Amino acid sequence: MKVRCVSLVAAGLLTIAGSAIGQPAPAPMPAMAPAAKPAMNTPVDRAKILSAPGVFVAFSTYKIRPDYFKVALAERKGAADEVMAVLEKHKEKVIVDAYLTRGYEAKSDYFLRVHAYDAVAAQAFLVDFRATRFGMYSDVTESLVGITKALNYISKDKSPDLNKGLSGATYAGDAPRFAFMIPVKKNADWWNLTDEQRLKEMETHTLPTLPFLVNVKRKLYHSTGLDDTDFITYFETNDLGAFNNLMLSLAKVPENKYHVRWGNPTVLGTIQPIENLVKTLSMGN
Amino acid sequence: MKVRCVSLVAAGLLTIAGSAIGQPAPAPMPAMAPAAKPAMNTPVDRAKILSAPGVFVAFSTYKIRPDYFKVALAERKGAADEVMAVLEKHKEKVIVDAYLTRGYEAKSDYFLRVHAYDAVAAQAFLVDFRATRFGMYSDVTESLVGITKALNYISKDKSPDLNKGLSGATYAGDAPRFAFMIPVKKNADWWNLTDEQRLKEMETHTLPTLPFLVNVKRKLYHSTGLDDTDFITYFETNDLGAFNNLMLSLAKVPENKYHVRWGNPTVLGTIQPIENLVKTLSMGN
Amino acid sequence: MKVRCVSLVAAGLLTIAGSAIGQPAPAPMPAMAPAAKPAMNTPVDRAKILSAPGVFVAFSTYKIRPDYFKVALAERKGAADEVMAVLEKHKEKVIVDAYLTRGYEAKSDYFLRVHAYDAVAAQAFLVDFRATRFGMYSDVTESLVGITKALNYISKDKSPDLNKGLSGATYAGDAPRFAFMIPVKKNADWWNLTDEQRLKEMETHTLPTLPFLVNVKRKLYHSTGLDDTDFITYFETNDLGAFNNLMLSLAKVPENKYHVRWGNPTVLGTIQPIENLVKTLSMGN
Amino acid sequence: MKVRCVSLVAAGLLTIAGSAIGQPAPAPMPAMAPAAKPAMNTPVDRAKILSAPGVFVAFSTYKIRPDYFKVALAERKGAADEVMAVLEKHKEKVIVDAYLTRGYEAKSDYFLRVHAYDAVAAQAFLVDFRATRFGMYSDVTESLVGITKALNYISKDKSPDLNKGLSGATYAGDAPRFAFMIPVKKNADWWNLTDEQRLKEMETHTLPTLPFLVNVKRKLYHSTGLDDTDFITYFETNDLGAFNNLMLSLAKVPENKYHVRWGNPTVLGTIQPIENLVKTLSMGN
Amino acid sequence: MKVRCVSLVAAGLLTIAGSAIGQPAPAPMPAMAPAAKPAMNTPVDRAKILSAPGVFVAFSTYKIRPDYFKVALAERKGAADEVMAVLEKHKEKVIVDAYLTRGYEAKSDYFLRVHAYDAVAAQAFLVDFRATRFGMYSDVTESLVGITKALNYISKDKSPDLNKGLSGATYAGDAPRFAFMIPVKKNADWWNLTDEQRLKEMETHTLPTLPFLVNVKRKLYHSTGLDDTDFITYFETNDLGAFNNLMLSLAKVPENKYHVRWGNPTVLGTIQPIENLVKTLSMGN
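If you're matching them up, the sequences are chains Y, X, V, U and C in order.
In terms of my numbering, the first sequence is residues 170 to 454.
In terms of my numbering, the second sequence is residues 170 to 454.
In terms of my numbering, the third sequence is residues 170 to 454.
In terms of my numbering, the fourth sequence is residues 170 to 454.
In terms of my numbering, the fifth sequence is residues 170 to 454.
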């Protein structure tokens, strides 16, 4: 199970040399809905959706209500099948990743990451999920939405050397067991810098991160105006010490002075097949 | 159903060339209550109320309580009819728009936007709505009230060129499926600027927004003193990427430095006929 | 009913020319408890208590718990009588005003304003109120206490012209249907100004408000040290547009820069006879 | 009952001329636990513990859960006896004061102040209290702990004149019926001042308070590092107007600029024998 | 029982002269998971795991839900055995310390500190703990995770004299009965100082703490990026007055000006064998 889980997720993350972050931006950004919609009856192509710009994402954290444990155990045992049926129903429109946060977080027991070409499809899945037995007993405690976009700053054109450094860094650690979801918001002074000034700060930000990319994968979502954050940063790693050092290196650059939100929450979970996760959280007498 | 929904709402939004935003202000602002009250037995004229100044609005977000799903399904199936009857009862005084937020928001499952010439009529509707089965099982999680006013800054007189730019911009996207409700509050330094200084900042604010108006509709409500916000900004779009770019352009002007609240919450919902919305949130066993 | 309501409340508000705000301060401020206690068996003199200094006030907002609607309707129909009996019991010590906030506010369904010469009498009433059926199903969501004091700044002595302006302004609108409760707290820089500096700021604050007094009544309570606010400001109006303009004029003076709290919450309610309010919130099946 | 209550509490408060605040500090501060432990089988000496340094205090505010009123009235009538038995059990180790906040506060119905020479004894009492029927139906909503210390600044040595002024001020009001619990926290700039600078600020702070000591008693607890506050200030008065004026005088000195917390919460209660308090909050059908 | 408790915990804390804090850093920091994993079938070596770098820690605070007291007392009496069985199951992977906070804290009744070489093992234990009867009735109210690292600043190389001072300080108080968990977060200005500047500030920070180490033990966890704090500081003492003085000395150095979080929460508990703690919180009728 663990192996299946890791392989499912690994496809969803770019090694830094991957196509989306490194690729040139498509000229005008396409509208959310119609772009690159897959044909009917086919599951979403996971590798493709995870590397495309213009993709919608919804992160949501959930806490199981205590009265779930008053539901008969037999009934709780059917919870995973019901959730899997909903996944099957929506597989042509969304991909779903699941993470167990119980033990690490106070405000959640698990979180979901849902990607879709169309934001309405993501909502449709999540509405159906909440109508399952497991979903009914889950309170949503945090929700963040965003979209993927082509690389803004450290592109081939604007910052060729660093872009090459990023492209050359390859993840070489064990299959990641941990994921982080960390929102980031910057203040008005940041957004009022010129493009050149922001580029310079992002170069200073990027340089010290290169040594850590061998141990940490990352993906970026844009949320300005879509939610109360500018970015949702997402990481996978198997080495929490390396991740701590990466984050310290990001704390030590001037760009950090423009943050008004970095975390709040910082959500740590273990990467899990959703079936496992539902079973784990449905046990107990 | 979807088509009916969209057409209902489209009337409620001004393309930027529309009458209310562009029209000259009526000399003294009328008192809220008696102005332009419609004749008895006639539904409120939707196009008219949505373009008039001096109109009261109440936005409220709701979360379904978990025990709603312990109500017998047969009873929940009657919920939509009961809500529609309340709408019918109040149709001479209020118009009501509904939005599904489940899947996008943690603190709500849906929100309502209620317009009325008289704030007491809006309250009367909302009190009756809360007394329905569906309303009883809905917790109000956020509420913001405001009023419409004639255009303050970018008027024909004060800023003729930009006013012309706004008037020339016409929404040309697909029927919007998404709506945003975003409160905005400014600090004391902003309000202590002279009228001329604020006009200048608003011109700088308006210029970069023009290219996006083809994809985003917007409406502004004034709340200073009526609630803990200065403005409620409301948007409809079918293109989340364009909306993100619009909001980025607004982040990059100096006016942003005066914000003490921009969002908190940013509420995203899909535009829904209220009947559909009630049915969607009443399903599940 | 509505008429009775309005007349009850109108007495509780000073037109600006009224006695309390304009009258000279009694030499030393009297202790809260014994001052001007009414004779036994007589209801509190409403006009007198609402214009006297040294009076205690408790504002409290309430939200009906959802399980109230599981109480039999017959029993809920008796709720208003029970509340009226408690009012009768305490009528020699307190006056009570009630406001319906449902539909306007997320954190409350109604609020009460209780005046008493003795703070213990106000508590005694509120404890008895909470022991009624209606009170038991009401959660207190906000509570603010204060006292009335003689005019501090714009007095006959200190600022004769403005004092005359205030005295000359008379409320001339329709009977107010709306009330606002808005806490105000100022920072240490404000309190460290000299008396003369604060007087100057308050004159600048007062001047632009004069034109609005024809449409807005107001009353001020002092809370420094008694609660986490310096002032509780209370307003009645029938014209929400005029009120918005009044508040904008107060935002635009330098005194606003000293605010650390202005609202949070801003509570808007419709003025209601308490009997009506209890009945309104007790309906539903 | 009221008389007994007042006399009980009056012993617990220093008139400013009292022994603890005015007395010279014992050379090294003793460890919390063993110091001055009373002999077995004897109630704690109230006057002594309330004037000694090195005493532990726990303030905790409580809110009765609504389902308490679904407990049979007969059973609720036994609640006070059960609480009194717990007090009896712990009388050799702790003294307990009780305050009714219902009607004044939203987040609590009452609060307790527990003094003990040993912090473990305070916890033992509070654990037993929570295991009573009344305690089980009480949610703790705020908790603050601290210790007493000898006078820091306005001592005989450091500030002889003001120390004499404090010693000369004697409470001369009616028996206090009201108590306030107000946490105070200062910023890093304050703590980075030299001892001399802080002494100077405290002298400026103390001088204007002298005239109010005739009407307000006060006691100070130290909490830096023990809790999220630096001090817990506690007051008793029968004159809320005088207390408001005292707090205004403290707002007007430069020391106020160093506050990051002053209140939040400010808790006002009436001083009550605990037996009365439990009975009052156990009534209702 | 108390004796067993103290001895269990004492092993988990470094006297300042102990090996971990004083020892030279291992050259590159090892990955979290595989380092120093103990052989199968053997309990974790407590002394070793508490002095090693690269160890994962999860602190979590819990509040018992009120309905626990509606569970039959007989059933609650079995709660401790069930928890002990879970501890036994995980003893090869984790060590667990327990602290009773009831009476001192509003947001919790107890907290756990879990150490593991592998963060997944810590989660596995905490998931099983939550599935016990006692865990099911416990709401997690705060959760903080971190890792141990070798000494950063006051090392033999960088600050030899202070390092010697730390090494020479030995805890000499009674067995500690109290523990504190206090998160610390620093601002971007701090992290943008040079290494030399931060070292200098930490030297100024360390010097005044030396006299208190005879009465206070401490341990440091690093959390930047792993959670919404930079550090989790943990203390044990039997002398709350000395602890207060230690924290005051830390407030008075310039490093304090860089704090954006110091506490929030400050959690105080008594050190307890977990079996005792479960029994204490399971009593009541």
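Read the hints as simulated data drawn from the structure, not as lab findings.
This one's a predicted model, so the numbers in the text were calculated from it and none came from an experiment.
Please note: incorrect hints may appear among the correct ones.
The list treats identical chains as interchangeable, and a pair is accepted whether it falls inside one copy or across any two copies.
What the hints assert, rightly or not - With a straight-line Cα cutoff of 20 Å, these simulated SDA-like cross-link-like pairs (lysine to any residue) come out:
{"no.": "1", "residue 1": "K239", "residue 2": "D308"}
{"no.": "2", "residue 1": "K276", "residue 2": "E370"}
{"no.": "3", "residue 1": "K325", "residue 2": "D214"}
{"no.": "4", "residue 1": "K421", "residue 2": "M452"}
{"no.": "5", "residue 1": "K258", "residue 2": "G453"}
{"no.": "6", "residue 1": "K354", "residue 2": "Y427"}
{"no.": "7", "residue 1": "K325", "residue 2": "T211"}
{"no.": "8", "residue 1": "K327", "residue 2": "D397"}
{"no.": "9", "residue 1": "K318", "residue 2": "N210"}
{"no.": "10", "residue 1": "K260", "residue 2": "P212"}
Hint-by-hint comparison with the structure:
In this assembly of identical chains, K239 and D308 lie within 20 Å of each other by CA distance both inside one copy and across copies; the values are 16 Å within and 16 Å between. In the homo-oligomer, the alpha carbons of K276 and E370 never lie at most 20 Å apart, since the shortest distance is 34 Å inside one protomer and 35 Å across protomers. For a Cα distance limit of 20 Å, the shortest separation of K325 from D214 qualifies neither inside one copy, at 27 Å, nor across copies, at 52 Å. Taking identical chains as interchangeable, the C-alpha atoms of K421 and M452 are never at most 20 Å apart, the minima being 44 Å within one chain and 50 Å between chains.
In this homomeric assembly, K258 and G453 come within 20 Å of each other (Cα to Cα) only across copies, at 16 Å, whereas the closest approach inside a single copy is 29 Å. In this assembly of identical chains, the alpha carbons of K354 and Y427 lie at most 20 Å apart whether taken from the same copy (8 Å) or from different copies (16 Å). Taking CA atoms no more than 20 Å apart as the test, K325 paired with T211 passes in neither setting, with 34 Å inside one copy and 54 Å between copies. Taking the shortest Cα distances, K327 and D397 never come within 20 Å of each other, neither inside one copy (29 Å) nor across copies (33 Å).
Within a single copy, K318 and N210 get their C-alpha atoms no closer than 27 Å, and across copies no closer than 50 Å, so neither meets the 20 Å cut-off. Within a single copy, K260 and P212 get their C-alpha atoms as close as 5 Å, which meets the 20 Å cut-off; across copies the closest is 44 Å, which misses it.
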